[in-house]
Amino acid sequence: MATNQQRDTNLSPDEARALRFDVEEFNTEYARILDAQDIDAWPDFFTTDGFYRITGRENYDAGLTIGLVWCDGRPMMQDRAAAVKTTMVHAPRYLRHYNSNVRVTGVDGDGTIHSESNYLVVETLMEEETRIFQAGLYIDQFVREDGGMLLKSRDCIYDSLLIPNDMVYPV
Amino acid sequence: MPDTPFIDDGSNLPLSELRWPDDDLTRIPDWIYTSDEVFQRERERIFFGESWCFVALEAEIPDPGSFKRSYVGDVPVIVSRDQDGEVHVFENRCAHRGVEFCRDLRGKAENFTCPYHQWMYDLSGKLMAVPFRRGDRGEGGMPKDFKLEDHNPKKLNVTIRHGVVFASFSETVESLEDYLGPDNLEQFDVVFKGRKLKILGFYKNRLQGNWKLYHENLKDPYHATLLHVYLATFRLMVAGQKSAMICDESGRHSTMASAKDDDIEITEETASQMKSAFREGMELSDPEFLNYVQEFDSPWTVTMQIIWPNLIVQRELNTLGIRHIVPRGPNALDMYWTMFGYDDDTPEMDKHRLKQANLMGPSGYLGVDDNEAIKFLQDGFKHSQDGEGIVKLEPEKEGSTQTLISEASVRALYRHYREVMDI
Ligand SMILES: [Fe+2]
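If you read the protein sequences in the order shown, they are chains A and W.
If you read the first sequence in the numbering used here, its first letter stands for residue 1, the second for the next number, and so on.
If you read the second sequence in the numbering used here, its first letter stands for residue 1, the second for the next number, and so on.
Honestly, I wouldn't trust all of these hints.
DSS-like, lysine-lysine: derived pairs with alpha carbons at most 30 Å apart [stated by the list, open to error]:
1. W:Lys-351 x A:Lys-85
2. W:Lys-260 x A:Lys-85
3. A:Lys-85 x W:Lys-204
4. A:Lys-85 x W:Lys-275
5. W:Lys-144 x A:Lys-152
6. W:Lys-392 x W:Lys-260
7. W:Lys-397 x W:Lys-198
8. W:Lys-108 x W:Lys-144
9. W:Lys-108 x A:Lys-85
10. W:Lys-108 x W:Lys-154
11. W:Lys-397 x W:Lys-242
12. W:Lys-126 x W:Lys-144
13. A:Lys-152 x W:Lys-198
14. A:Lys-152 x W:Lys-204
Residues from chain A that face chain W, not an exhaustive set, calculated with beta carbons under 8 Å [what the hints assert, rightly or not]:
15. Thr-55
16. Gly-56
17. Glu-58
18. Ile-66
19. Gly-67
20. Gly-73
21. Asp-79
22. Arg-80
23. Thr-86
24. His-90
25. Thr-112
26. Met-126
27. Pro-164
28. Met-167
Output of the computed footprint for chain A on chain W, the stretches with three or more beta carbons under 8 Å from beta carbons of chain A [to be verified]:
29. 77–85
30. 200–209
These aren't lab readings, by the way, just hints derived from the structure by calculation.
Heads up, the beta-carbon is just placed ideally off N, CA and C, and yes, glycines get one too.
For reference, chain W alone in the conformation it holds in the complex (with noise of 0.2 Å):
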């Protein structure tokens, strides 16, 4: 995509040089969106350091031999199921010579073999065979100290939590539990604990901004009430009704969690401020759509978690996702979705959750607004001079929060950030 090349936006300067402005956690420096030494720091500390990254649901890989690609930040790893029905992580990548072995998206497979040389891996990613390996009639061939076991992908740290697969480059990172915190752990398992999923489809989309900003997106629930006319109009979150933000102790997770309430009254003052955001007496020709399977033991009709640093766990009334971040450079972001039910879902159930999924997506009545609004922000960083946004909503508070008219939770988020990051 052609880009405007003639503005230095200063996002070039070595790290050394930027300064976040005043140490002041309500400004945030447009640099951290677009510079590119910024985004090696991420990669290095953030998804290849003391993480826990999403890369695979279980039902994805039901079966000995089951296997997808996914990726933990931008590298490639392969997510596969042994035959004893052990689960496994390792780079994409043949120790040969780097090629980017598994191209099927997923499958099932006796084993992994680099087209480049025949390397072969087994469903563990252990190097099993190199061919010529003592050479043609006595010629070439590798070197006799040559071993097969220092020849081995790289092979991820793994933890399973209810059927949700995380993968960590850290040998050192904490138990996934402690990572989480018990408030959001308590989330979490609301909507894995106890029910097995039903894999119901899969969805992609590039959007033009940076990662952070779907974090952002998520602890912004002041966004959700302005920018999402569908949710203000059809009342699905509205300022004033019961609301929470649930952050961890650290301010890198969140789950931003409200409850419907059809009887809320719009009070012409909350309308005034809504400005366009609400239109009155706009009615669904089918009403169904919204309705509200009571299905989970919670309070909240929407809970949207999202875990640092890779994975949102959408619960949208009856529709149910994980959306999985691929960050690509510090300009874009690949999201890749997928959709699910229960495994004891009736066929009723099964088809209320396809309306549903309308919702969200990449073509969701919601979920289009936010990939706009992405966009709309990067292109604001990428041509400013010295840009900085502000994030001073609720200012007595970081962290959780009750009102949906608040940035507690981003300013939470970039204190753990700057100090992972150390800027």
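Okay, chain A solo, but in the shape it has when bound (with noise of 0.2 Å):
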């Protein structure tokens, strides 16, 4: 089980410390859209052959691969964007999406910068009270492309075992 674990880095703590700014920056952009409901810019965070998965803790915790939601590759996420917007039938709804606890947890040979942090996403139907809507980890690999970075794995590991009702937007 690699969640909230302490994790040995390779980095030294000023290091750390500028990549966690980095990260910080690119998912206060992230929620930035997702909060926006703009789903046509979610799959332009992440590399072509970019993997996204959204699954419960207690799958990711027994090793199960299932995802609630499972993109392998862009195109996919890109699909979904467009079911998002287009197919799927739901009622309007409020996202307000918050990122914290970012911690860089080391950096491959070939760049790749492994982090985690904790996301909270809050939900309000239009006549109901706003509720809690998931409390999740991201475990994430980013890499750096034309000077900005993109994720080239996301995984949304929810806490939230029991989703109210269902999910529409991806977090």
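From the two separate chains plus the hints, produce the assembled complex.
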């Protein structure tokens, strides 16, 4: 079980701090487009062969591979974005995304940055009280491309096993 | 969740005062979805009555000592495998004070111990030990005539077919084979017979609707052609395509079946009937996603089987899973999903199933639509005044049918339901 474990890092405190700032900037922009429900922009945060999954912590801890959302490659993410926007029938809602506790846990020889951070999604249906929709952990791998960072992999591991009704948008 | 308390929808009338409108099966009164008394009677007569309820897949409890928490209706039970390999189902409730003692979702154990006073049960649910039964230093303790064997948690009747475990509170329930009937047994076996399952993972969601709405949803192929834009757009299920609703004699169980047809022509007439449920020209960036690998001895590319009262067997292209309904009062249900493939799947097939799992589940391209629709329905019932729904499509039939534009099997279900419920 890797979630919330102390992990050895090959970085100096200064390097880790600088990278943490980069990751936080990335996540702030990522959360902004999700808050705005600008779903078309979402796949662009990933590399062409990027991987994205949302799964419950019970699956992650047991090494089970299923995802609530399971996208291998940006084309699959584009198909999901198109479905959310065009074909999936759902009530209007507001969503707000909070990201914190970023921990950069290491950098590979090829420059891949490993990081983990907590996320929280708050949901408001039009005539209902605001509720915490999901609490979870991002387990990420970033690469630098064309001067910016892109996600090579984002695993969203949620604690909130009992999902209220359904989950329309990615986190 | 706050509710609007100021509208009296009649659902709190005593059951004896509630009348089915004109005894007419084409009309369904809203109160069957909202009344507490109706729900209590459903627990007694359906979930605890002459029914087989799904509790587990054997693949979830593979070894001696494996167990999982599960439910029959809304009653928590433990499903466990003893040292001899036999599967047991018993109430997750300590015979002492009623503690729901097993808290882990699943795992392995040698026995179960209630944390409150350390009463200990073996893997078959038998009470084995009560601390200080004889008191301490001659004082206190249980009465002399206290016998361990009189204090076991309630044990359920168990039956297993091709790795699927069902339980019943009834001692007189018919065999599972008779319960399902030949046609639905055949559909069940397509998925489970002969191949060992591999568990891919679990989901859980709470739907804001009455549990019967899920049954209706899967007995209503009409909605599939209209609500699910994705199905029509990618020609997974379209009016005019080869399809069937296969009901059993009693009307309880059914399988919605359809064969994907990439060449089906969507006529202007069909397209105009579908209104906004069809997006001409939309294409997938990853077209392999909807590939169907023929792996079953069946003409259908999708079968959605619903086994009364709490199991759905999903076979949509190559994504397989079961859904276990746990009713939570009249206004909500929890859905426990177990997604699986087969033990002999290649890595490519494994990946294909994980990809196609995007279709279903709480985030599924099709799953979301149904969850949302069920909430919209319940919202309608909760705030109605003497409301009722109509199910009149294909009036000459009741039960099995070949067309998607039908509500014949919804009526068959409610004939059965009304008999059992005596309403
Ligand atoms: Fe549906």
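### Message
When the structure is checked against the list of hints, which entries are broken? Sort them ascending.
### Response
5, 7, 8, 9, 25, 26, 29
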